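Trainee: Below, each chain spelled out in residue letters.
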Amino acid sequence: MRPFTYERAASPAAAARAAAAHQGARFIAGGTNLLDLMKLQIETPAHLIDVNPLGLDQVEETAQGGLRIGALVRNTDLAAHKRVRRDYPVLSRALLAGASAQLRNKATTAGNLLQRTRCPYFYDTSKPCNKRRPGSGCAAIKGFNRNLAILGTSEACIATHPSDMAVAMRLLDAVVETVAPDGSARAIPIANFHRLPGDTPHIETALVPGELITAVTLPRPLGGTQIYRKVRDRASYAFALVSVAAIFGKDGGARFAFGGLAPRPWRIDAADAVARNGPDAVADIALAGATTTPLNGFKTDLTRRTLAALYAEREARK
Amino acid sequence: MTSDKYGGISRRAVLGGSAAACAAPVVASAGAPVRGERSGRPGATLPVTFKVNGKELHLNLDPRTTLLDALREHLRLTGTKKGCDHGQCGACTVIVDGRRINSCLTLAVMHEGDDVTTIEGLGTPERLHPMQRAFVIHDGYQCGYCTPGQICSAVAMLDEIEAGVPSHVTEDLARVSFSDAEVRERMSGNICRCAAYSNIVAAIRDVAGENS
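As you go down the protein sequences, you meet chains A and B in turn. Mapping to the UniProt record's numbering: the first sequence position 106 is 106, numbers consecutive. Mapping to the UniProt record's numbering: the second sequence position 186 is 186, numbers consecutive.
Mixed in with the good hints there might be a few duds.
[What the hints assert, rightly or not] Examples of chain B residues toward chain A, derived with CB under 10 angstroms:
(1) LEU105
(2) GLU126
(3) PRO130
(4) PRO166
(5) VAL169
(6) THR170
(7) SER188
[As the list claims (entries may be wrong)] Simulated crosslink set (SDA-like; lysine to any residue; CA at most 20 angstroms straight-line):
(8) A:LYS82 / B:ASP172
(9) A:LYS39 / B:ASP172
(10) A:LYS127 / A:GLU43
Hints are computed from structural coordinates only; laboratory data are not their basis. All values reported here derive from a predicted model rather than from experimental measurement. Think of the CB as a built atom: it goes at the ideal place given N, C-alpha and C, for glycine as much as any other residue.
Given the sequences, and given the hints that come with them, work out the whole structure.
Mentor: What follows is the structure, encoded as structure tokens:
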């Protein structure tokens with residue numbers, strides 16, 4: 001690990017100010033992803049701002065009947081929270097499908113959204129990677145890309161966003177609340193939070209330098225049958241090849257969000273609109289424009305089969 | 001010598017000899033760091049105070065020091081093992097404020113005021129923790145390298161079930177109960193390359209049975 005200076009944040013606004021004032025500053029919360037990358041010198045912050053003293057670890061009801069989840073609520077606590085289990089079970093399920101119990105005990109809500117890709121070429125510092133070193137090229141496009149993205153990619157990057165939680169948050173239309181270095185607050189709909197790579201894959205979110213996530217809010221519960229289905233190479237503790245989060249309404253409609261396919265949680269309104277026509281109709285629209293390689297082409301069929309399994313599970317639960 | 005603080009001499013202290021003395025903890029003269037406190041220049045040390053196995057300890061650490069390295073290299077508590085050092089294997093699992101975490105993926109300076117329990121704090125060779133005894137009885141290991149992490153993880157895991165924390169295999173999120181399938185899922189963060197898994201599950205099942 002490269003040397004760095006370290007400070008404990010005194011308030012959210014002070015943390016944001018400090019981050020903007022220090023070249024190469026990073027916030028640290030759970031640290032499970034950042035420290036991993038710092039040991040490999042993929043992340044080399046000159047200054048760490050420990051946000052753990054800030055609290056921000058409560059789940060509260062909003063005036064609209066939804067939930068406001070503090071940025072530092074741990075993944076374990078969010079998955080186990082009574083309101084989340086009862087009213088947003090797809091979020092509990094997505095969280096519990098991710099990582100290991102030890103990691104979920106440290107990982108935070110905001111940190112989960114901000115985690116970096118597990119693309120093997122992002123991790124391999126001997127190989128070019130436009131995300132790690134802008135302009136160096138992408139070794140993944142012609143490399144071992146079996147688990148990389150087929151949607152939303154560019155010629156510069158085919159990395160996936162690895163989060164399970166974020167897929168459920170996207171399905172639920174979560175909103176990310178932040179504070180900027182000038183003290184101003186804003187709310188970013190999760191649909192606009194993660195950016196597609198284009199020719200700047202190193203810029204992954206809508207956050208400006210120094211901007212700190214303070215909370216994630218969920219709108220009123222949607223009810224319905226909520227399912228998170230994750231397909232992976234092991235039964236536990238592995239990243240998704242494909243995952244699908246779904247809510248089937250009583251009226252026959254449904255909404256879907258996909259993980260493992262794209263640089264951000266993938267959701268297409270037009271695919272939700274044809275939910276009544278069955279899984280293939282949804283897949284035809286959700287997967288439109290997919291760019292596959294000989295190694296990751298299986299993900300299109302796997303997505304179709306996962307959707308079919310979701311419809312079957314919904315029937316079985318009726 | 002740190003080993004004195006724990007009333008005995010560890011295998012490492014004997015093997016390490018004088019190296020152990022060099023790495024002994026420094027008692028900080030400054031008070032505990034507070035919100036807003038910062039280290040002045042890269043590489044400068046910071047004071048941190050936390051409890052390990054019931055004893056309050058004061059250290060001055062390079063902020064890069066992980067909790068795992070603080071335990072092993074500064075406090076000579078070498079029961080906690082370094083496997084992958086990237087949170088993938090679980091050998092470094094310790095219990096902090098009642099929760100199991102990977103000690104390799106957290107900085108020691110982030111644990112001001114925390115209460116850390118390592119395998120040394122669970123039991124001793126003379127007075128084994130029930131989970132340690134169960135691992136011995138069921139032969140829940142071969143080489144033993146993953147065992148301290150497995151045992152710390154298992155102890156905290158049973159508390160999680162008790163507290164009603166659901167898992168990926170819990171059928172009804174509102175009803176959490178013990179089963180072998182739950183153990184396998186919940187222990188997936190602890191890898192055993194000798195593959196003693198079936199005996200580990202048997203050991204944990206035994207302890208869960210005693211508790212219920």
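Trainee: Take a quick look at whether A:LYS127 and A:GLU43 sit within 20 angstroms of each other, Cα to Cα.
Mentor: holds, 15 angstroms
Trainee: Does the CB of B:THR170 sit less than 10 angstroms away from some CB of chain A?
Mentor: At about 8 angstroms, which falls below the 10 angstroms cut-off, the nearest Cβ of chain A leaves the hint on B:THR170 intact, so it holds.
Trainee: Would the hint linking A:LYS39 and B:ASP172 be met if the CA-CA limit is 20 angstroms?
Mentor: Roughly 39 angstroms separates the two Cα atoms, so the pair is violated.
Trainee: For the restraint on B:GLU126, tell me whether the closest CB of chain A is nearer than 10 angstroms.
Mentor: violated, 29 angstroms
Trainee: With a cut-off of 10 angstroms, does the beta carbon of B:PRO166 approach a beta carbon of chain A closely enough for the hint to hold?
Mentor: Where the cut-off is 10 angstroms and the nearest Cβ of chain A is about 6 angstroms from B:PRO166, the hint holds.
Trainee: Quick one, are A:LYS82 and B:ASP172 close enough, alpha carbons at most 20 angstroms?
Mentor: holds, 13 angstroms
Trainee: Verify the interface restraint on B:VAL169: the C-beta must sit less than 10 angstroms from at least one C-beta of chain A.
Mentor: holds, 8 angstroms
Trainee: Checking hints one by one. Is B:LEU105 an interface residue toward chain A, by the C-beta closer than 10 angstroms rule?
Mentor: For B:LEU105, the interface hint holds, since the closest Cβ of chain A sits about 5 angstroms away, which is under 10 angstroms.
Trainee: Per the CB criterion, is B:SER188 less than 10 angstroms away from chain A?
Mentor: holds, 4 angstroms
Trainee: Would the hint on B:PRO130 stand, with a C-beta cut-off of 10 angstroms toward chain A?
Mentor: Interface hint status for B:PRO130: violated (20 angstroms vs cutoff 10 angstroms).
When held up to the earlier numbered hints, the structure conflicts with 2, 3, 9 and fits the remainder.
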